[in-house]
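Number of protein chains: 2
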Amino acid sequence: MVLQDFRTDLRKRLVKRVGSCHGSDVKNSVVRRISILNWIGQYDREDLVSDFIAGITLGLTIIPQSLAYAGLAGLPSHYGLYAAYMGSLVYVIFGTVKEVSIGPTSLMALLAVQYTMDKPIQYMIILAFLAGLVELLMGVLKLGFLVSFIPIPVTSAFTSATALIIVGTQLKHIFGIPSKARGFFQTLYSLATRIVESNPGDLVLGGFAIVFLLALRQITQIPVDDKTSRGKVLKKFLWYLSLSRNALIVLITSAIAFKWNSSGEPVPFKLSGHVQPGIPGFELPIYNVQSGNVTITYFEVVKELGSSLVLVPLVAVLANVSIAKAFSAGKIVDASQEMIALGLCNLLGSCFSAMPTCGAFTRSAVSHSSGVRTPLAGIYSAIMTLLALSLLTPYFYFIPKTTLAAVLICSVVFMVDFSIVKVLFRASKTDILAWGGCFCVSLFAGVEVGLLFGILISIVGLLKVWVRPGIRQDSIEKQGHRYVKLSPETGIFFPAVDFLRTKVIEVATEQKVPIVVDCSSVIGLDHTSTKGMKELASELEKVKQKLILLNLKPSLKKVLQENNAEIFTFWEDESEAEMENNNVARNMA
Amino acid sequence: MVLQDFRTDLRKRLVKRVGSCHGSDVKNSVVRRISILNWIGQYDREDLVSDFIAGITLGLTIIPQSLAYAGLAGLPSHYGLYAAYMGSLVYVIFGTVKEVSIGPTSLMALLAVQYTMDKPIQYMIILAFLAGLVELLMGVLKLGFLVSFIPIPVTSAFTSATALIIVGTQLKHIFGIPSKARGFFQTLYSLATRIVESNPGDLVLGGFAIVFLLALRQITQIPVDDKTSRGKVLKKFLWYLSLSRNALIVLITSAIAFKWNSSGEPVPFKLSGHVQPGIPGFELPIYNVQSGNVTITYFEVVKELGSSLVLVPLVAVLANVSIAKAFSAGKIVDASQEMIALGLCNLLGSCFSAMPTCGAFTRSAVSHSSGVRTPLAGIYSAIMTLLALSLLTPYFYFIPKTTLAAVLICSVVFMVDFSIVKVLFRASKTDILAWGGCFCVSLFAGVEVGLLFGILISIVGLLKVWVRPGIRQDSIEKQGHRYVKLSPETGIFFPAVDFLRTKVIEVATEQKVPIVVDCSSVIGLDHTSTKGMKELASELEKVKQKLILLNLKPSLKKVLQENNAEIFTFWEDESEAEMENNNVARNMA
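Chains as they are written, first to last, in our numbering: chain A, 1 to 589; chain B, 1 to 589.
Just to be clear, a hint being listed does not mean it is correct.
Pairs involving identical chains hold if they fit within one copy or between any two copies, as the list cannot separate such chains.
[Said to hold, decoys possible] Here are the computed lysine-lysine pairs in the DSS-like style, where the Cα-Cα straight-line distance is at most 27 Å:
| no. | residue 1 | residue 2 |
| --- | --- | --- |
| 1 | Lys531 | Lys142 |
| 2 | Lys422 | Lys235 |
| 3 | Lys270 | Lys553 |
| 4 | Lys485 | Lys553 |
| 5 | Lys553 | Lys236 |
| 6 | Lys464 | Lys236 |
| 7 | Lys464 | Lys422 |
| 8 | Lys534 | Lys464 |
| 9 | Lys422 | Lys553 |
| 10 | Lys180 | Lys235 |
| 11 | Lys270 | Lys429 |
| 12 | Lys485 | Lys325 |
| 13 | Lys227 | Lys485 |
| 14 | Lys531 | Lys464 |
| 15 | Lys531 | Lys270 |
| 16 | Lys534 | Lys553 |
| 17 | Lys542 | Lys180 |
| 18 | Lys235 | Lys544 |
| 19 | Lys546 | Lys270 |
| 20 | Lys485 | Lys503 |
| 21 | Lys478 | Lys422 |
| 22 | Lys553 | Lys464 |
| 23 | Lys232 | Lys464 |
| 24 | Lys227 | Lys512 |
| 25 | Lys542 | Lys558 |
No lab work stands behind these hints: they were computed from the structure. In this text, all values refer to a predicted model and were calculated from it rather than measured experimentally.
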């Protein structure tokens, strides 16, 4: 009977517990993760129209960009499109920021190519898969704070260097000089020495494309009287014209190439060449890689990818979170959710042969100014990309290489930003060092090394404070009672304890008065600093001097008092100085 | 005439300047560096006698130790003596702490052998040279603070692991089992599986040596009535007996071996074998190394030595500074001078074929209890070592290997210290992690990896504070004026700015009151945090909420007010809340 009772009770409890955590809790947390469930219920006609327009506009940007970014990543152009649709689709379901458009970006392309250069294409896809996995993990384990270790000066230097390197590598297509040179300076050198080999066709068309793109970028600045309805239409038209400039130049120059080709004469500029039509099927990117006659095992591939498995996800998450922050305006960004969404985009994308992807600032700005309402807009740009892949690939043959180079150059050149340097010079030495270090090392040794270097400098800057904290020194005299007050401006953790000790002994040797250490800023003590403080106190005791700790937290007091309580004197506030003075006077009397 | 005046004036100025900096200043700084000049003037007869006794006593310790440490470092025994005299001599001139005795140590031997194992002997000498160079540089550039990045838990774990590993490797000599096993666990495993191969002769002699050494170590504990003059003599005798136990056991067991050998019968335990007599000549350790038929260039050797070039000097400096601190008792140790002295000891030593050296705690304790007065004591131990090298080497042949192993085991086994673990468990999570990490990794992957790992964990622990600072939240209501005060306990540098931003927006969304951020602990702002604070302020402004910064340093106020001063409100103290309230009331009236 008792057993029966116990069993019933146990079952009830179990049901209750399972119910509470596997029922509503789990359901809640799943709903919370599938972001679309939070807003699709309120989706209305107006949202639909807005998203449709924004999606189509975005498609016009993402298609030519993707073709160019694929080239930058050292892949055939259609791989860019492979990466452009799955991200958009997955983000519709899991994304939280309506402006974000996941797809190939110049940052990802240039960062990834450092690790996959001259390797089979599968390396890039495996990298996308593993980067996705890491992003997902970062989201689930709430490791997003890791991104805060990349400060703005480093981001800025990294972005500027990336842009410069991209411009450098693309110039060879504009000049029509085939070159295998790598690195920023080698590329420029090889270009300078071989400038006479330039291909006039590429140069003329590339120059035209650049002028065209820059002009259309500025076209919205034309003053239009937007109070008349005609003016409004014109303004809208100019805006749309500016927005579709990449698609337009690709269309125009391809048409020229097509015409030229049809006329039977040789085309005087280089074309993209054959593009694989169709959409790749599903394949889990966990496989050995065939390179010529050699089989490289999955494990070896992962080993070769090395630090990219941390850097690529880190930069991707950084980019996404920055965009999310820029467009969230006062709302809190659920960074974990963004990482999970990005991770799933890359995981699923890589199963369909996508390269690593993340959000792009340029595209987000397009979405924003097209009046996007929800992440659903991504569906339309994804459909456009899929249509391009299935229908347009025969025409991709005619896209001049120099045009894609022009598209790239014109989209990254405005990322170069030296104005920050002036600000940093006034801000802090560490910031300017981190900027300069990251920028120079990126140009000389590659963006991935530069990024790590910049982060390292910034972290060393942080540690500096723990090694040599500022210590204010005041000589105080209160009613005949004299003492020196030392106020360290940060906590005394292990690297600083020797510094403080030296300072205290120095002062104690000079002036034979009690030393008061103001511990208001001491937020914790580790074993090393505890021991150091105890040693210091007994050293002073030996020479008959007093160490007084002011404003120390009670919990830390307890730690210090262990074993040898008598060597420390604690003051809650400085008025105790007088009390003590009176005590001494009384004792002496 | 004017020109003449000008020239005279110029010459006078030049002479003055050169005089002031090249005359007395330089002389002063040279005198300061050559420490002996500071005290040799006051050197008297009493000092001489004390130093002589201490020096001889030290010699009795350093000779058997050196022979054993050379074996530990994988070198023939006489290399230990090569390293034992030059350090003592150089330290006489440049050292500041009379107790320090520079020579081979178990720490240095075990650390260095990780990098030079199975390599030609020259590797060890080149390492000593370069380590000396780095130590010298650390001293000149005042980089001694680097040592503060090794916290006590890591030092303790590193020392314990080193001692355990040494005991492990020496057990094979005690058991007389030749084994090439490496690493702590492999050595123990190989010993356990081959225990039947033990050599009874080695085992008996080794066991006897260990018992002898441990007994003599305790002999000073025998209660002696030291009030009678006979008791005093007895006490002194016991103390000396205990001190010379290493020398005694080497002497006794060598004598046994010598007798056995003279009797014509085979000696039943392994002997040290032929020892090169004589003192090596001067040779600058900058040379290519011959290994069999292969020539290894100097550059390659340096490359192979890799991280040892940082770790060996770091540990050496750490050991020296700790000893100096332990014996300085309330005086400030000139750490730079100690580094310069140590560097010169190694630089000069390596030119006479020395392995890397540093101060040893055991020897310093011997010096201290022998009543050392000045670093001059080192001269006598150096002379003893040189005599041993020139006269005693034929007899070194007969030192049983098992005796040296016993000497090593008995001198390191008391370095194993687990009592700290209990303390650390109560102290901090980072400390216990650093201890455990360093200890385990040292045993599994070598002491050098363990040391780096422990330091890394400790640094990550420091960074944690910058990423997620504690933020106290108080809801305050003063005369109808309500606000929420957020007080971060440390400065807001770049890793923390997002954390603070999220917290502020969270609170601001919940409670529609002004947010006061108490900036008392904010010691600086970098570019990232400045920008973050500005963004935060304008985000709050958009939703018509106020961000008030309390107690911000004036210099930082200026940085924040640049460009957009109006978005921040600053309070000097909280009484301004009431004033503002009155203002608002007046404005409304």
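Ascending list of hint numbers which this structure does not respect: 2, 3, 5, 6, 10, 11, 13, 15, 17, 18, 19, 21, 23, 24
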